[in-house]
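Here's the letter readout for the chains.
There are 2 protein chains.
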Amino acid sequence: MKKTILAVGSVAFDDVETPFGKRQNALGGSAVFFSLAASHFTIVNLVGVAGNDYPAEAIKMLHQHRIDTTGLEIADGLTFRWGGRYHQDINQRDTLYTHLNVFADFSPKIPPVYRQTPIVFLGNIQPGLQLDVLGKLQRPEFVALDTMNLWINTTRPELMKVISRVDLLVINDSELAELTGAVNLLKGLQILHELGLKYIVIKRGEYGAILSSASGLFYTPAFPVEQAVDPTGAGDSFAGGMIGYLGECEHIDCDSLKKAVIYGTVLGSFCVEDFSVDGLLNLNRRKIGARYRQLRQMVKL
Amino acid sequence: MKKTILAVGSVAFDDVETPFGKRQNALGGSAVFFSLAASHFTIVNLVGVAGNDYPAEAIKMLHQHRIDTTGLEIADGLTFRWGGRYHQDINQRDTLYTHLNVFADFSPKIPPVYRQTPIVFLGNIQPGLQLDVLGKLQRPEFVALDTMNLWINTTRPELMKVISRVDLLVINDSELAELTGAVNLLKGLQILHELGLKYIVIKRGEYGAILSSASGLFYTPAFPVEQAVDPTGAGDSFAGGMIGYLGECEHIDCDSLKKAVIYGTVLGSFCVEDFSVDGLLNLNRRKIGARYRQLRQMVKL
Chain A
32 MKKTILAVGS VAFDDVETPF GKRQNALGGS AVFFSLAASH FTIVNLVGVA GNDYPAEAIK
92 MLHQHRIDTT GLEIADGLTF RWGGRYHQDI NQRDTLYTHL NVFADFSPKI PPVYRQTPIV
152 FLGNIQPGLQ LDVLGKLQRP EFVALDTMNL WINTTRPELM KVISRVDLLV INDSELAELT
212 GAVNLLKGLQ ILHELGLKYI VIKRGEYGAI LSSASGLFYT PAFPVEQAVD PTGAGDSFAG
272 GMIGYLGECE HIDCDSLKKA VIYGTVLGSF CVEDFSVDGL LNLNRRKIGA RYRQLRQMVK
332 L
Chain B
32 MKKTILAVGS VAFDDVETPF GKRQNALGGS AVFFSLAASH FTIVNLVGVA GNDYPAEAIK
92 MLHQHRIDTT GLEIADGLTF RWGGRYHQDI NQRDTLYTHL NVFADFSPKI PPVYRQTPIV
152 FLGNIQPGLQ LDVLGKLQRP EFVALDTMNL WINTTRPELM KVISRVDLLV INDSELAELT
212 GAVNLLKGLQ ILHELGLKYI VIKRGEYGAI LSSASGLFYT PAFPVEQAVD PTGAGDSFAG
272 GMIGYLGECE HIDCDSLKKA VIYGTVLGSF CVEDFSVDGL LNLNRRKIGA RYRQLRQMVK
332 L
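Chains as they are written, first to last, in my numbering: chain A, 32 to 332; chain B, 32 to 332.
Hints may contain errors.
If chains are identical, the list can't say which one is meant, so a pair holds when it fits in one copy or spans any two.
Said to hold, decoys possible - With a cut-off of at most 20 Å between alpha-carbon atoms, the simulated PhoX-like pairs for lysine-lysine come out as follows: (1) 290 to 331; (2) 192 to 167; (3) 229 to 290; (4) 33 to 218.
Keep in mind that the hints were calculated from the coordinates and are not lab data.
Input sequences plus hints: build the corresponding full structure.
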C-alpha cells in the first residue's frame, strides 16, 4: 500500500536562458518539480498558489501524473515568475528577476482531505508558514524540510522551531555551515543531530549527496549526465525522487533513506537533461530503475 | 613480491599559515608527500633536487620510511620554497611566494639502479622533463602522470606527447575541462580515452575521486575528517596512496585501480589532519585499513 505525500512549495513560471537555449513561461516552482519527480513513485497532494494566468493544460498535466491539485489555490493576480541566466559553467547562474506576485501573500491552505497525509514535504518557504502547515496536519508519519540561506539569516528562531519538529532536513554544504556555524561537515551534522534531528541529507549537486543518520554517513555520487541543459529545479527533483520513494516503503528507516537518496540523485539527473520539467515527464520506473542500478554499479568493487 | 615505485617531483620547504596555526620551514614538495604516502605500501625510489640547506634529519626520516634517496640530488643553493596562506574556508588559499631556487634548473637524473623500476609516477613538473625521465627508463609496467593548468596552457604539445605514453593521468575537474575543451565530464573523459589513455583519475578534493576506465566510471567519496588542519600536499598524498597500493598488486587492472583510488583518498585524509607531512608519519597499515573499510561502509546499502 503506497503512502501519499503532501508537498508545499512554490508554483511558478520560469524564464530561463542556458548555454543550450532559452525558454519563456516554462513551468517551474519547487512544488511542481517536487511533485512531478515524486509522482513516479506515489500520489502527491500539492499545496501551493498560482495566479489566474496559470494554464488549464498545466493543471491537466499534473493530474495526468497522479498529482492532486485540490490544494492548489488559484488567486487573483499573476503567478510567481523567476528569470535566470546560466553561465557557460552551468553550475553558475544569475537571477535576473524574482516577481513574487500572488506568492507574496501565500498562506498555505490544507484541504480537509489532505490532513491525514502520512508523508509531508515542507518545501522552501518561510519557516512560519511551514510551522502553520504542520499545525494543520494530523500526526504525519514522516516530515521532510527544505530551507535556504535567506531563512537561516532572517528567520532563524522560527526555522529552528520547525527543524525541531521534523524528521529530515535537506540542505547543502554552505547552508549547513551557515546554520550551525561549523565549517567542518561532521561538526555541523553533529550539532543538528544534537537538536534532535534524525536524518540530514546534504545535497552536493554534481558531487552527489550524503545521508547522515544514527547508522552513520551514507554517500552516493550524482548520476553523471551526457549534457546538463538546464539545472533549474534539480534540487526539488532530487527531493521529489527521495521522498517519493519513501512513499513506497512500508518502514521508513535508515535503509530506506539510503535508497531514497539514490533515487533523489537519479531524478535530479533526469531533470537537468531538459528544460523546465520536461526531463521529468517522459519517464517511467524502468528508466529510473536502470539509472539506479548503473549508479550502484559505479561504487561497486 | 612488492613492486618498487619511482617518483619524480619537487622537494621543498613550505611556509604555511592555516586557521589552525603556522609552520615555517616545513617539509614539503610533491615528491616528498607522494613518497611518504606510498611508503606505507612499498619501496619508493625518489628523484628530485634539494639545496644544500636541506637537513640531514629529513633525509634520515625518508630512509626510515623505506624511501631510497639515491636519486635525490643535492645542488648548490637553496631548496625550493613555497609560502601560502589558507582561508577560513580551508579549500581556498593564497600563494604568498614561490622561490624555485635549485628547482628552477631541475633536470631529473635517473641513477642506473632505478632504470628498471616497474611503476613510475611522473609528478607535476614540466612535461619536457617528464618525457626525458620516460626516455631513460626500461619499459616500466605502469606509468602515472600528474600535471597542472600551467603546463596545459604553456606546453600543451609536450604535455599531449607525455599523455600518449602513460597509462594513467591524475587530474582535477577544471584541468580536465581546460585540457579537453569539454565542460561536460563524460565528454572530457571520452576525448582523453580516444587519445589512447587507459585510466583517468579525477581528483575532487573533499568530494572524493573518480576512476574512468574501460569498465566505466568508479566513484569513491573522500574520507570525511573531523578537522582539516592543512591541505598542503593532499593531492600528492592521494597519488602516493593510490600508486603505492598498486605496488602491492600482482596485476594492475581496473579492479586494482578501483581499490587504489580508495587508498588514495584515505592517504589524502591522513595528510590534511596535520601540518606538513606529519599526518603521514605516525601511520600504519592497520590505521589505513580501518579507514578503507569505514569508507566502503559509507557507500554500502
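Verification of the supplied hints:
In this homomeric assembly, residue 290 and residue 331 come within 20 Å of each other (Cα to Cα) both inside a single copy, at 15 Å, and across copies, at 10 Å. For the homomeric pair residue 192 and residue 167, the shortest alpha-carbon distance inside one copy (16 Å) is at most 20 Å, but the shortest distance between copies (67 Å) is not. In this assembly of identical chains, residue 229 and residue 290 lie within 20 Å of each other by CA distance solely inside one copy; the values are 16 Å within and 32 Å between copies. Taking the closest pair of Cα atoms, residue 33 and residue 218 never come within 20 Å of each other, the shortest separation being 36 Å inside a single copy and 40 Å across copies.
Consistency note: the structure conflicts with earlier hint 4 alone.
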